Each structure stands twice: as C-alpha cells, then as structure tokens.
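Engineer: Dock chain B against chain A, hints included.
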Amino acid sequence: ETGVTQTPRHLVMGMTNKKSLKCEQHLGHNAMYWYKQSAKKPLELMFVYNFKEQTENNSVPSRFSPECPNSSHLFLHLHTLQPEDSALYLCASSSDGISNQPQHFGDGTRLSIL
Amino acid sequence: LAKTTQPISMDSYEGQEVNITCSHNNIATNDYITWYQQFPSQGPRFIIQGYKTKVTNEVASLFIPADRKSSTLSLPRVSLSDTAVYYCLVGDLNNDMRFGAGTRLTVKP
Chain A
1 ETGVTQTPRH
11 LVMGMTNKKS
21 LKCEQHLGHN
31 AMYWYKQSAK
41 KPLELMFVYN
51 FKEQTENNSV
61 PSRFSPECPN
71 SSHLFLHLHT
81 LQPEDSALYL
91 CASSSDGISN
101 QPQHFGDGTR
111 LSIL
Chain B
1 LAKTTQPISM
11 DSYEGQEVNI
21 TCSHNNIATN
31 DYITWYQQFP
41 SQGPRFIIQG
51 YKTKVTNEVA
61 SLFIPADRKS
71 STLSLPRVSL
81 SDTAVYYCLV
91 GDLNNDMRFG
101 AGTRLTVKP
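The listed protein sequences derive, respectively, from chains A and B.
Letter 100 of the first sequence, counting from 1, is numbered 100 in the numbering used here, and no numbers are missing.
Letter 109 of the second sequence, counting from 1, is numbered 109 in the numbering used here, and no numbers are missing.
Same shape as in the complex, but just chain A (with noise of 0.2 Å):
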C-alpha cells in the first residue's frame, strides 16, 4: 500500500471513445504528477500539479486533459486517442514539487486503445 490509489488498473477504450483515470493520495501531500509508461521506454512526466495548480506540461497532446480538483484528486481525461497511447499511465505525489522529498507512485492503469 503506498496510499496512493488509481482507478481503475485496466481500461480498454476505442479511439472514439471519453473515458476517466483516477488518482487520490492519502498521504497530505501537496504535489501530484501523472506518467506515460509505454512497453521498453522510460517513463515520461506528463503533467505537475503544485497545490492544485499545473505548474509542468510535458507538451502533452490535447487529448490528454488533466484536472486537479484538490491536492488529493488527480484526474487525467481522455479523448480521441491513438493506438500509440496504449501504455501504463501512473500517478505519483509528493509532499510539495518545490523539494526533492520522494515521490510515491500509484500501481497505474494499464491502457489500451483498440
């Protein structure tokens, strides 16, 4: 259990479709990121949120829209996507994005676009 949860852990989803991944933290941190982990390739930080504000975007497509309701809800809307999407996307937290406090990742959701 590392209190950070994503919802749900698998989503399989037509290019056409809209769809929701979820990430609350229980751990009262301050800063919440979202990665693109796709087969063989680094991780890749996708969006930054500092007490709620996006500080960082990874010239991320539109497609991809992230929303940060509060500092314990992270939520990363999908649309229109492409097969190349298909990957892990995993959410992490970290006491604030100003320090170099660890930061404690989600088990991700595995995303495939049929």
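These are calculated hints, taken from the structure and not from any lab test.
Among these hints, one or two may not hold up.
[Claimed, not checked] If you anchor each label on the Cβ, the simulated ranges turn out as follows:
#	chain 1	residue 1	chain 2	residue 2	range
1	B	106	A	84	39 to 49 Å
2	A	27	B	80	27 to 37 Å
3	B	26	A	38	25 to 35 Å
4	A	56	B	3	12 to 22 Å
5	A	80	B	25	16 to 26 Å
6	B	26	A	80	33 to 43 Å
7	A	18	B	9	32 to 42 Å
8	B	8	A	57	22 to 32 Å
9	B	53	A	99	34 to 44 Å
10	B	40	A	26	20 to 30 Å
11	B	57	A	83	19 to 29 Å
12	A	7	B	72	36 to 46 Å
[Claimed, not checked] DMTMM-like cross-link-like pairs, simulated, lysine to aspartate or glutamate; straight-line CA separation at most 25 Å:
#	chain 1	residue 1	chain 2	residue 2
13	A	18	A	96
14	A	22	B	82
15	B	3	A	44
16	A	41	B	82
17	B	3	B	67
18	A	41	B	67
19	A	41	A	84
20	A	40	B	67
21	B	52	B	67
22	A	40	B	82
23	A	52	A	84
24	A	41	B	92
25	A	52	B	92
26	B	54	B	17
Please read these numbers as outputs of a predicted model, since none were measured by experiment.
Cβ coordinates follow ideal geometry from the N, Cα and C atoms, glycine included.
Structural biologist: Coordinates of chain B only, in the frame set by chain A:
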C-alpha cells in the same frame, strides 16, 4: 537537467551483494541522488536518497564519492524478489527529475 547513465542490465545470484553504479558527470551543487525500484505492472518505489558520502537504510546503501559524479546503490544479499528495474535520478526539485532507462537486475537461484 543532470543526465544519468546506468548499465542496462545486470545478473546476480541469490545471497550475493549487488552494486549498481550510476554516472552523473553534470550533477549540480544542489542536486540530490535518488534511487527507485520498479516491479512489473507496479509503480516505482523509493529506495534511498543521498547528497554525499554514504547513506544506509534497512534495504540498501548508497555510496557517493567526494566529486559526486557517480553513485553506487548497494543491495546486500539479494533474493529472487529483488529482481526489478532500478532507476537513478538526479535533481534538486521533483519537477526537474527525470527517469532514465534504469538497470534491469535479474537475480537467479
């Protein structure tokens, strides 16, 4: 952003000590060194973090020489369950830390 270089893979046997070295020639004064472990279909897990000299916790030790241009993660007496990918990250802010390809450690019986 300080870049890191690690071996792509390593093999070991149960009960042996494993040392994984990470090179970070461009490390900055304020940068820390952080190691994570990742099992298949799970998120990375924090192992250890250090700035200089030696850090030890219940699962690993981290050795950092005086010039800080490299670091070595030491896993004492590994078991089959230590088979995983190990990542070395360098940075002073979480926002600036990037995961590389990591080192895939395989522990054999």
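Engineer: Now tell me, hint by hint, if it's right for this structure.
Structural biologist: These are the hints, each one checked on the structure:
Here the CB-CB span from residue 106(B) to residue 84(A) is close to 29 Å, at odds with the stated 39 to 49 Å. In this structure the hint that residue 27(A) and residue 80(B) lie 27 to 37 Å apart at CB holds, the actual value being about 30 Å. The hinted range of 25 to 35 Å is satisfied by residue 26(B) and residue 38(A), whose Cβ atoms lie roughly 26 Å apart. Taking 12 to 22 Å as the suggested C-beta distance range, the pair residue 56(A) and residue 3(B) conforms, at roughly 18 Å.
Between residue 80(A) and residue 25(B) the CB atoms are about 42 Å apart, so this pair departs from the stated range of 16 to 26 Å. For residue 26(B) and residue 80(A), the hinted distance range of 33 to 43 Å is satisfied, since their beta carbons lie about 39 Å from each other. Checked against the hint of 32 to 42 Å, the pair residue 18(A) and residue 9(B) passes, with Cβ atoms roughly 40 Å apart. As the Cβ distance of residue 8(B) to residue 57(A) is approximately 30 Å, the hint placing it in 22 to 32 Å holds.
Taking 34 to 44 Å as the suggested C-beta distance range, the pair residue 53(B) and residue 99(A) does not conform, at roughly 21 Å. With their beta carbons about 25 Å apart, residue 40(B) and residue 26(A) fall inside the hinted range of 20 to 30 Å. Between residue 57(B) and residue 83(A) the Cβ separation comes to about 42 Å, which falls outside the hinted range of 19 to 29 Å. At about 38 Å, the beta-carbon gap between residue 7(A) and residue 72(B) stays in the expected band of 36 to 46 Å.
Only pairs whose Cα atoms come within 25 Å are accepted, and residue 18(A) paired with residue 96(A) is rejected, the gap being roughly 30 Å. The hinted pair formed by residue 22(A) and residue 82(B) fails the criterion: a straight-line CA distance of about 29 Å is larger than 25 Å. Among the hinted pairs, residue 3(B) with residue 44(A) is consistent with the structure: their alpha-carbon atoms are about 15 Å apart, no more than 25 Å. Taking the CA atoms of residue 41(A) and residue 82(B), the gap is about 21 Å. The hint holds against a cut of 25 Å.
Annotation: proposed proximity of residue 3(B) to residue 67(B) holds, straight-line Cα distance about 16 Å (limit 25 Å). Note on residue 41(A) and residue 67(B): the hinted pairing is violated, with a Cα-Cα distance of about 30 Å set against a maximum of 25 Å. Of the pairs offered as hints, the one joining residue 41(A) and residue 84(A) holds, with about 13 Å between alpha carbons and a cut-off of 25 Å not exceeded. A hinted pair counts as satisfied when its Cα atoms are at most 25 Å apart, and residue 40(A) with residue 67(B) does not qualify at roughly 32 Å.
The suggested pairing of residue 52(B) with residue 67(B) holds, with an alpha-carbon distance near 9 Å, which does not exceed 25 Å. Only pairs whose Cα atoms come within 25 Å are accepted, and residue 40(A) paired with residue 82(B) is accepted, the gap being roughly 19 Å. Of the pairs offered as hints, the one joining residue 52(A) and residue 84(A) is violated, with about 29 Å between alpha carbons and a cut-off of 25 Å exceeded. Pair hint residue 41(A) plus residue 92(B) holds up; C-alpha atoms about 24 Å apart against a cutoff of 25 Å.
Restraint check for residue 52(A) and residue 92(B): satisfied, since their Cα atoms lie roughly 21 Å apart, inside the 25 Å limit. The straight-line distance between the Cα atoms of residue 54(B) and residue 17(B) is roughly 17 Å, inside the 25 Å bound, and the hint therefore holds.
The structure fails to meet hints 1, 5, 9, 11, 13, 14, 18, 20, 23 from the earlier list, while all remaining hints are met.
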